[in-house]
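S.K.: Those protein sequence lines, which keep their order, are chains A and B.
This note's numbering numbers the first residue of the first sequence as 968 and each following residue consecutively.
This note's numbering numbers the first residue of the second sequence as 95 and each following residue consecutively.
Simulated from the structure, these hints should not be mistaken for laboratory data.
Some clues are possibly wrong.
Okay, derived cross-link-like pairs now, DSBU-like style, lysine-lysine, Cα gap no bigger than 30 Å in a straight line [as the list claims (entries may be wrong)]:
id, chain 1, residue 1, chain 2, residue 2
1, B, K221, B, K280
2, B, K275, A, K1168
3, A, K1160, B, K275
4, A, K1160, A, K1079
5, B, K275, A, K1079
6, B, K280, A, K1079
7, B, K275, B, K221
These stretches of chain B come out as covered by chain A in the derived footprint (C-beta under 8 Å, 3 or more residues) [said to hold, decoys possible]:
id, stretch
8, 228–242
9, 301–308
Just so you know, even glycine gets a beta-carbon here, dropped at the ideal spot from N, CA and C.
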Amino acid sequence: MSRHSLLTLANGGAAPLEELPCLELADFSEAVIGAPARGRRVSALFGALSARGFALYVVLADDDTGLLECARTDLAGDEYPAMTPACAQVHLFEREIAEQWGVVPAGHPWLKPVRYHASQRPGRDAWGRPAGVAPVVGVTDFFRVEGEEVHEVAVGPVHAGVIEPGHFRFQCHGEHVFHLEISLGYQHRGIEKRMVGGPGKRTIHHMETLAGDTTVGHATAYCQIAEALGGRHAVPRGCALRGVALEIERLANHTGDLGALAGDVGFLPTASFCGRLRGDFLNMSALLCGSRFGRGMVRPGGVAFDLDGSRVADLLARLDAAERDVSDAAQLLWTTPTVMARFEDTGRVTADTARELGLVGPPARASGLRRDVRKTHPAGIFQMVHIPVSTAETGDVFARAYVRWLEVTRSIDYVRRQLGELPRGAARRECPPARGSMFAVSLVEGWRGEVCHVAMTDDLGRFAAYKVVDPSFHNWTGLAMALRDQQISDFPLCNKSFNLSYCGHDL
Amino acid sequence: MLRILLARLKQGHRTVPFPDQVPALPDRFRGHPIIDPTLCADGCRECIEACPTDALAIDAGGVGLDLGRCLFCPECTAACPTGAIGFTTNHRMAARHRDDLLVRRGVRQRVQALDATMLRLFRRSLKLRQVSAGGCNGCEADVNVLGTIVFDLGRFGIQYVASPRHADGLLITGPVTENMKLALEKTYQAVPPPKIVIAVGACAISGGPFAGHDEVHDGAASVVPVDLFIPGCPPHPLTILDGLLSMLDRIGADRVPARAPPAPGEERLRWARARADEALRSLGADLGKTKRGGGNGGGGGDL
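Please construct the entire structure, taking both the sequences and the accompanying hints into account.
M.R.: Now the structure itself:
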């Protein structure tokens, strides 16, 4: 497979749909299956129905060159040979395609529903279920280990804490976990489906609530799509302020995670300090735009709220205070032996496993993979001012915690620097309406990892298809692998060290 | 150990003295909206057209805004040519009845406390099971925040518990997706009566940004009877806390209520604090720099 037959785009790029090559199915499969060997990973693989019929689309990311390779293949029949057996990182993508479109990836080793909804093409169902009968969430053939002393632990969807719903099944021998199966879909609210025909007045709000803790990440990904389709970049000041908002979002969540990890090993000082400090970062978002979650901030063309000098000074003062306190709170973790004894060597994911599963974000970087969209596929302000990639080698809970801490320090530096040199000019300008029959891809390094949005427009410039890939979609399988051969009591700790999104996965 | 104590000292006391004082909210915070229909131009429908969730409607009484649908986004204020609609930084928005969430010109119905029997049961101890039934995890995040030292929900006798069997009621977030409906019904049934249901956030009240989707049921009231509605997308932690305390008759009608007699736990807490200060002083620690309320300079003092 030569690269010439694929469309290459930069992050935030768009091209006429006719330039997106339509490959033969065999060539398409080969491009996907061969991607890892060529140093690419699968950012998105999805089906979409358009005026031209049903087709599969793929976006491969080349982290060395910063290019995205895109292609499609038309699929007329009810099935195609599954790619998962030769390329593990597409396993959930292929399940999603099967569920959404009633197309069977023949030979898929783990073909189960993802979100438990009916197929979007009435009359076609990958499991041959009768039309009109709604699938029941959580009803599937769970993997089961048999044996005299083997037992199963089932948890969820309603959990013991204030947590989103999901179902977890552990196959255990005593405390020892052989296997964890994660079954989601409880948060499915049909956002992608509602994007078709858009954008409409709810669109930006749907993007801001794909995963409420990643409001800035997803809204920025969407706005980059809108700008790519409209053919006009956001203004520099708007890009810089998006960067500030994105890093504050990361700071709030990473700080909260460090506190939650401390709480899960019973180390209350850092748990309480970080619980409060997370709020201080959320309040910085509220200072920017009135919302602790960055709602209303990012809009096509730039940002809806500008900063004046006094607000910048206020932010900088808050940042200094928060930096001192979060530093103290984090250092306590690394210098307390009882904490480190629980963090180290728990829930290890090797670099090979992380690569094979296509992990992104802090879990990938904790296993030594240099995957960070801000560095490898920079868009907006990250093209101008770089941020170092934070990695660790051990792939355990400690590594995932430590990577977060490194990123906290670097994000604080980044925000401080941006606030000191905000470009002059307006914070926003008009974004032209989307051009017709275009294909656009946008990546953003949200705090959980790569947020990927892909859009196609019809000839009138309305969305013909809109695909969202939250980083959690890549990473849930990583959590399942981290639990292998661990104690079941390690689950909360491992879970927090990934802290994945249920709603971002369920859409 | 010393390091931990030192860090503890440096972090200081961070619990806000709510409800005795209400911390300042940021100037851009979008709290309770205000509408002045006298400013509306004849036949103008700009705000109604701009609203993503049809929270605004116009009838003989002028423009009305349904707090239960409102996402507190800036679209209507941006669209309004005459400044007839705006948001204040007032965080108090909860209501006991769905109809009371309609904002028009004038004063809105305040939260009524529970009846005497329910107050006797729950005023000083309310255990809640939280059910996340769809949504975006934003409400969950700020429901969780109430448990941090900043708000210290436990001092009001309110706690989230791990099982519906231990609970006095449910706190529901999310629009109730089709896939969570059964789990919510079962959880509700598992709570022993009498029970309270609290719907937190635009999703749980009306479906929020997902209202009308085939995959959701447009709010908790479609499945269970709701006793308290707390608007927001997501609601600010203070809005949630104000709603809970108002329902429990633990907060006055004024913005800054007269100091109530100390809650039972408070005397003991003050005693414990004094003892802790004493112990630290005997360690020779310098307390002068770390006096409580270290919010000067913008740390934890304001929200």
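S.K.: Hints first: check each against the structure and report whether it holds.
M.R.: Status of the hints after comparison with the structure:
The hinted pair formed by K221(B) and K280(B) meets the criterion: a straight-line CA distance of about 18 Å does not exceed 30 Å. With a C-alpha separation of about 28 Å, the suggested pair K275(B) and K1168(A) falls inside the 30 Å cut-off, and the hint holds. About 21 Å separates the Cα atoms of K1160(A) and K275(B), which keeps this hinted pair within 30 Å; it holds. At roughly 21 Å between alpha-carbon atoms, K1160(A) and K1079(A) fall within 30 Å of each other, so this suggested pair holds.
Taking the CA atoms of K275(B) and K1079(A), the gap is about 21 Å. The hint holds against a cut of 30 Å. With a C-alpha separation of about 25 Å, the suggested pair K280(B) and K1079(A) falls inside the 30 Å cut-off, and the hint holds. With a C-alpha separation of about 22 Å, the suggested pairing of K275(B) with K221(B) holds against the 30 Å cut-off. Evaluation of the coverage hint for the stretch 228–242 of chain B: fulfilled, as 14 residues show C-beta separations to chain A shorter than 8 Å, against a requirement of three.
With 5 residues bearing a CB less than 8 Å from a CB of chain A, the stretch 301–308 of chain B meets the requirement of three and the coverage assertion stands.
The structure meets every hint from the earlier list without exception.
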